[in-house]
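K.L.:
Starting from the known structure of chain A, fit chain B onto it as the hints suggest.
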Amino acid sequence: MPPSLTQALPTILLPTLPEAQSPCATGALAGRKSATMQEQDSRREDDQLIARSQNGDPAAFDQLVVKYSPRLYGLVYNMTSNHEDTNDLLQDIWAKAFRSINGFRGRSSFPTWMHAIAVNMSINFLKKRGRRSHLSLDDIDANVEHDKEFMELTAGSTPVRETNLKELQKRLNEAMQKLSHEHRAVVTMFDIQGMPHAEIASILGISEGTVRSRLFYAHRQLQAFLGEFHQN
Amino acid sequence: MNDDQLRALLRLKRYEQPPEGYYDRLLIQIRQNQRTELLRKSLWNIALDRFRTFFSSHNTPALRYAGATAGFALAGFLGLRMLPQDPPTATNPGGAEIAEAAPPAIAPSSPFPVPQAIQTTMPVQSHAPLHMHAQGQLQTQPQHTLLGDPWPPLEHLETLRSMQRTQAIRTSTSPSQSLPQRPQIQRSTRYIIDARPVSYEPSFSF
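Protein sequence lines correspond, in order, to chains A and B. By my numbering, the letter at position 129 of the first sequence is numbered 129, and the numbering carries on one by one without gaps. Take any residue in the second sequence, count from 1 to its spot, add 232: that is its number in my numbering.
Please keep in mind that the hints were generated in silico from the structure rather than gathered at the bench. There's no promise every hint is true.
Quick list of in silico lysine-lysine cross-link-like pairs, BS3-like style, CA-CA up to 27 Å [claimed, not checked]: (1) A:K127 x A:K178; (2) A:K96 x A:K128; (3) A:K96 x A:K166; (4) A:K96 x A:K67; (5) A:K96 x B:K273; (6) B:K273 x A:K128.
Partial pick of chain A residues on the chain B-facing surface, computed with a CB cut under 10 Å [what the hints assert, rightly or not]: (7) S34; (8) M37; (9) D62; (10) Y73; (11) N78; (12) N87; (13) L90; (14) D92; (15) A95; (16) K96; (17) S100; (18) Q193; (19) G194; (20) H197; (21) L222; (22) G227.
Ideal placement from N, C-alpha and C gives every residue a C-beta, glycine not left out.
Next up, chain A with everything else stripped away, as it sits in the complex:
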C-alpha cells in the first residue's frame, strides 16, 4: 500500500462536520441556538411569574405587564391606529388577563395567550366603534433613520425619499384601516411584529393555510391602496 494512501485513511474515515466548513454557517447556527435558548429562558421565566401570580403575588403580575406591554401596544395600535383607544384597550386587556390568570393552564405560551386576548378585544372594540375614522399618529422612534430598510427605501431617485415621513406614516395607516379586521390582524402580526405563521394560526384559531391566504389578499389590497400614492 502506498504511504500516501495510508496517510489519507484516517481523514477519509473521519466524519465531516458541516459546522466547521464555513464560519458563516457556524455563526448562523450559533445565532439560532442562542435564539432558541433565549426563548426557553423566557418561557421558564414566564412560568415562574405566572405561578407566583396565581398564588396571589401582584408584583409578579406587574413584571408580566412590563415585559409584554410593548408587544401588545404594537399589536393594538396597528389595529386601531389611535393612541387613546390603544391605551384604553391595553388597560382592559390586562384587566381581563388579571381576572383570567388562574384559568391559564399553560397549554399555549403566555405571549400567545395574551395576543389572543388582545386580538379578540381589539376586533370587538373595532366592530363597536364602526367605520368612524380615529387616526392618531405616534412619534416614530429616532432609530428608524438607522434602519436598513428605511435607508433603502429613501435611497435613490424614488418619490418616497422626497416625501415627508409623517405623510408616509399617515398613508400607510389609512391603507391599513381599509383592510378588514381579520386581515389587518394578520398583517400586523406577520409583517410588523415578525411572528411566524404557526404562532399567528395558534393565536387566531385558524389554519396556517388560512393565514397565508389572508396575508396574500391583504398584501394585494395594500398594494392597490398604496400604488396610487407611490406613483404620485
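P.N.:
The following block gives chain B in isolation, referenced to the frame of chain A:
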C-alpha cells in the same frame, strides 16, 4: 409597489412608539383600575365574573351538552310535578277518576266476573241489587231504580254468591218493604263490569 417594498414599508411601523414614560404610567393605571374594580364591585358581581371566567376557560362541547341535558331533565321534572292532579273523591281517596259511565278496571277472563273482584270494587253497595245483562255483564243500580225499572233476567246464578241475595230481593212483593233501611247510596256512582276494562280507555286526547 412590489411585495418586498411593501413588506419593508410595513416593517417600519414597528418603530412607531408611544411617548417616553408611557409604560410606567400604564402600570400605575392598571394597578389603580384593579383596586377601583375591587372596591366598586359587589361581592355578587365578583362572584359572577369568576363564574363566567371559570366556564369560559373550561368551555368544551361536552360540558355544553351535559349542561343542556341536565337543564332539560330538570325542566321536565318540574313540569311533571306541576301538572294538576285530580281531586280525591269519597270512593277513591287517592283521587283516581271514576267515570260515571266507565266501568272499573276489571278484566274478567270469563264472561262472569269473580266474586272477590266485585266485592273489592263495590264495598258500599254490597247490599245493592245485582242483575245480569243478557251478555253476561254484572251491573248494580241504585235503589231508586228498583221501584219502576224492570230487571233484566238473571243468568248463571250458581257462579255468584251475591246472586242469591238478588233472587231473594226480586221474589219479594214490595221491594220497598222487604228492603231494610240502607244507607243512602250516591246516585252518580254506577259500577258496570264490562268485558272492556276502564283502564283500557285512554285518559288523554290529542
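K.L.:
Please go over all the hints and tell whether each is borne out by the structure.
P.N.:
Here's how the hints hold up against the structure:
1. Note on A:K127 and A:K178: the hinted pairing holds, with a Cα-Cα distance of about 14 Å set against a maximum of 27 Å.
2. For a cut-off of 27 Å, the pair hint linking A:K96 to A:K128 stands: about 18 Å separates their Cα positions.
3. Restraint check: the Cα-Cα separation between A:K96 and A:K166 comes to about 34 Å, which exceeds 27 Å; the hinted pair is violated.
4. Restraint check for A:K96 and A:K67: satisfied, since their Cα atoms lie roughly 17 Å apart, inside the 27 Å limit.
5. Our distance criterion of 27 Å between C-alpha atoms is met by A:K96 and B:K273, whose separation comes to about 15 Å.
6. For the suggested pair B:K273 and A:K128, the alpha carbons sit about 25 Å apart, so the restraint of at most 27 Å is met.
7. Among the interface hints, the one on A:S34 is violated; its C-beta lies about 21 Å from the nearest C-beta in chain B, farther than the 10 Å criterion.
8. Contact between A:M37 and chain B, as hinted, is not supported at the beta carbon level, the nearest pair being about 24 Å apart and thus beyond 10 Å.
9. For A:D62, the interface hint holds, since its Cβ comes within 10 Å of a Cβ in chain B; the closest pair sits about 6 Å apart.
10. Against a cut-off of 10 Å between C-beta atoms, the interface hint on A:Y73 holds, since the closest Cβ of chain B lies about 6 Å away.
11. Below 10 Å, beta-carbon pairs count as interface contacts, and A:N78 has one with chain B at about 6 Å; its hint therefore holds.
12. Because the smallest distance between the Cβ of A:N87 and any Cβ of chain B comes to about 7 Å, under 10 Å, the interface hint for this residue holds.
13. For A:L90, the interface hint holds, since its Cβ comes within 10 Å of a Cβ in chain B; the closest pair sits about 6 Å apart.
14. Restraint check, A:D92 versus chain B: the minimum CB separation of about 9 Å is within 10 Å; hint holds.
15. The beta carbon of A:A95 comes within 6 Å of a beta carbon in chain B, closer than 10 Å, and the hint placing it at the interface holds.
16. Evaluation of the A:K96 hint against chain B yields a held restraint, the C-beta minimum of about 9 Å falling below 10 Å.
17. Against a cut-off of 10 Å between C-beta atoms, the interface hint on A:S100 holds, since the closest Cβ of chain B lies about 5 Å away.
18. Evaluation of the A:Q193 hint against chain B yields a held restraint, the C-beta minimum of about 7 Å falling below 10 Å.
19. A hinted interface residue such as A:G194 counts as satisfied when its beta carbon comes closer than 10 Å to some beta carbon of chain B; here the least separation is about 8 Å, so the hint holds.
20. Interface hint at A:H197: violated, since its Cβ lies 14 Å from the closest Cβ of chain B, which is beyond the 10 Å cut-off.
21. Because the smallest distance between the Cβ of A:L222 and any Cβ of chain B comes to about 6 Å, under 10 Å, the interface hint for this residue holds.
22. Proximity of A:G227 to chain B holds as hinted, the smallest CB-CB distance being about 6 Å (cut-off 10 Å).
Violated hints for the displayed structure, listed by number in ascending order: 3, 7, 8, 20.
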